[in-house]
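Every letter in the sequence shown is one number past the one before it in full-length UniProt numbering, and letter 28, counting from 1, is 28.
Note that these hints are calculated values from the structure, not bench results. Note that the structure is a prediction, hence the values are computed from the model and not measured. By construction, the Cβ of each residue, glycine as well, lies at the ideal position given by its N, Cα and C atoms. Check before you lean on any hint, since a few could be wrong.
[What the hints assert, rightly or not] Each pair of labels, with its calculated beta carbon distance range:
| hint | residue 1 | residue 2 | range |
| --- | --- | --- | --- |
| 1 | ILE248 | MET102 | 35 to 43 Å |
| 2 | LEU160 | ALA318 | 35 to 43 Å |
| 3 | ILE333 | ILE286 | 13 to 21 Å |
| 4 | ALA318 | LEU165 | 51 to 59 Å |
| 5 | VAL31 | ALA89 | 17 to 25 Å |
| 6 | TYR317 | LEU171 | 46 to 54 Å |
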Amino acid sequence: MTRNYSIDFFKCLAIFGVVCIHTHTFRDTAVPFGNGETWAFIIDTIARFSVPFFFAASGYLFAMKLQRTDDTFAYFKRYTGKLISLLAAWFAFYWVYDFIKMLSTSNGTMHERKAELTAYFQDTFQWRTLLDGISYTQYQLWFMFALIFSIIIIYAASRLRILKLTLLVGLVLNLIGLMGQSYGSLFHITMEETTRNGIYFGLFYTALGACFGLYEKKITTLAKRIKPSYIIASIAVLMSLQLLERTILVYVLDLPQGEYFISTIPLTIALLLLTTVVRSIGSHAIWSMMAKNIVGVYLIHTLWRSVINDNIRASQYAAIEHTFLWGILYAPILFVISYLTYILIQKAKVKLLHPTVPERQHRSKKRQVGHVYAK
Numbered sequence: 001m002t003r004n005y006s007i008d009f010f011k012c013l014a015i016f017g018v019v020c021i022h023t024h025t026f027r028d029t030a031v032p033f034g035n036g037e038t039w040a041f042i043i044d045t046i047a048r049f050s051v052p053f054f055f056a057a058s059g060y061l062f063a064m065k066l067q068r069t070d071d072t073f074a075y076f077k078r079y080t081g082k083l084i085s086l087l088a089a090w091f092a093f094y095w096v097y098d099f100i101k102m103l104s105t106s107n108g109t110m111h112e113r114k115a116e117l118t119a120y121f122q123d124t125f126q127w128r129t130l131l132d133g134i135s136y137t138q139y140q141l142w143f144m145f146a147l148i149f150s151i152i153i154i155y156a157a158s159r160l161r162i163l164k165l166t167l168l169v170g171l172v173l174n175l176i177g178l179m180g181q182s183y184g185s186l187f188h189i190t191m192e193e194t195t196r197n198g199i200y201f202g203l204f205y206t207a208l209g210a211c212f213g214l215y216e217k218k219i220t221t222l223a224k225r226i227k228p229s230y231i232i233a234s235i236a237v238l239m240s241l242q243l244l245e246r247t248i249l250v251y252v253l254d255l256p257q258g259e260y261f262i263s264t265i266p267l268t269i270a271l272l273l274l275t276t277v278v279r280s281i282g283s284h285a286i287w288s289m290m291a292k293n294i295v296g297v298y299l300i301h302t303l304w305r306s307v308i309n310d311n312i313r314a315s316q317y318a319a320i321e322h323t324f325l326w327g328i329l330y331a332p333i334l335f336v337i338s339y340l341t342y343i344l345i346q347k348a349k350v351k352l353l354h355p356t357v358p359e360r361q362h363r364s365k366k367r368q369v370g371h372v373y374a375k
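Using the sequences plus the hints, can you model the full thing?
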């Protein structure tokens with residue numbers, strides 16, 4: 001089976017969608033018509049396909065790799081080990097960053113500062129952190145917790161040959177999880193904690209992607225009976241339906257803004273179908289290269305968002321945040337800076353772990369060895 005370039009393409013779109021969500025694109029800016037709040041709501045809602053697709057793509061690629069690997073447990077350990085290493089490193093970095101930021105910006109009394117720091121430590125060292133992540137600058141790391149949890153379950157399910165059952169259980173949990181989103185208030189159901197985690201959110205979409213990977217040949221055979229234009233049209237319709245669903249929940253029923261919805265399920269399925277039918281979307285090398293590093297954009301963009309926002313708001317240029325130009329440029333700038341930062345980190349890591357001998361020194365050593373043999 002050839003490389004699925006479409007997965008790479010949609011992963012790149014998805015990570016840009018995440019950046020748009022976290023920058024609240026156009027929310028507080030002056031726009032040519034309408035108001036920034038409406039523009040931000042539309043962009044935010046359309047971009048909500050991003051995280052479910054990340055889970056699904058991760059499950060898909062993980063299942064595909066398991067089928068092509070003889071020692072599946074060794075691959076599972078490598079894969080989860082890499083995820084855990086990334087999470088641990090960035091969790092520690094952001095913990096220190098937020099701690100220093102808290103110490104340097106706190107203007108309260110000694111008692112208030114102590115209470116603030118105590119709350120920070122309590123937020124960090126509790127079991128809920130393993131499910132939901134933590135707030136502050138590292139709020140995006142909840143995805144890493146959720147993905148690790150989901151991958152562990154998917155691997156166990158594949159070994160026990162109960163992946164379909166896991167998908168069904170994940171679907172039920174996902175629908176229950178909607179009660180922790182907008183729908184909870186609609187049915188007068190209160191869930192104490194967020195359901196945006198591995199149990200209610202990540203497991204279903206990762207299992208969905210894994211099923212697409214495991215049964216790809218069968219799904220592709222069936223999906224190719226559908227014209228790609230029909231699938232693309234269905235994606236447009238389902239995105240519109242997601243926008244309509246959220247609009248009704250928020251503006252008509254006056255419910256809290258949720259992070260995933262009922263229509264997110266068929267939308268993600270349609271996106272996966274498109275990637276199996278048309279595998280060459282974004283076949284240019286640039287998309288594959290970017291897709292390899294999008295995890296870096298995801299991990300780093302909140303840092304740069306914090307740095308940029310804090311510095312602009314503390315300067316005489318704070319008003320720029322309310323301009324239309326800022327609304328257009330902020331997300332792309334943040335994306336590019338985060339991407340380049342991750343590339344530089346990767347290059348620095350390679351040099352530190354695998355230092356190269358300078359060419360002149362290398363030649364000198366060769367001569368010395370030659371003299372030894374000559375003697």
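Numbered hints the structure breaks, given as an ascending list | Checked against the structure, the hints that fail are numbers 2 and 5, while the rest are satisfied.
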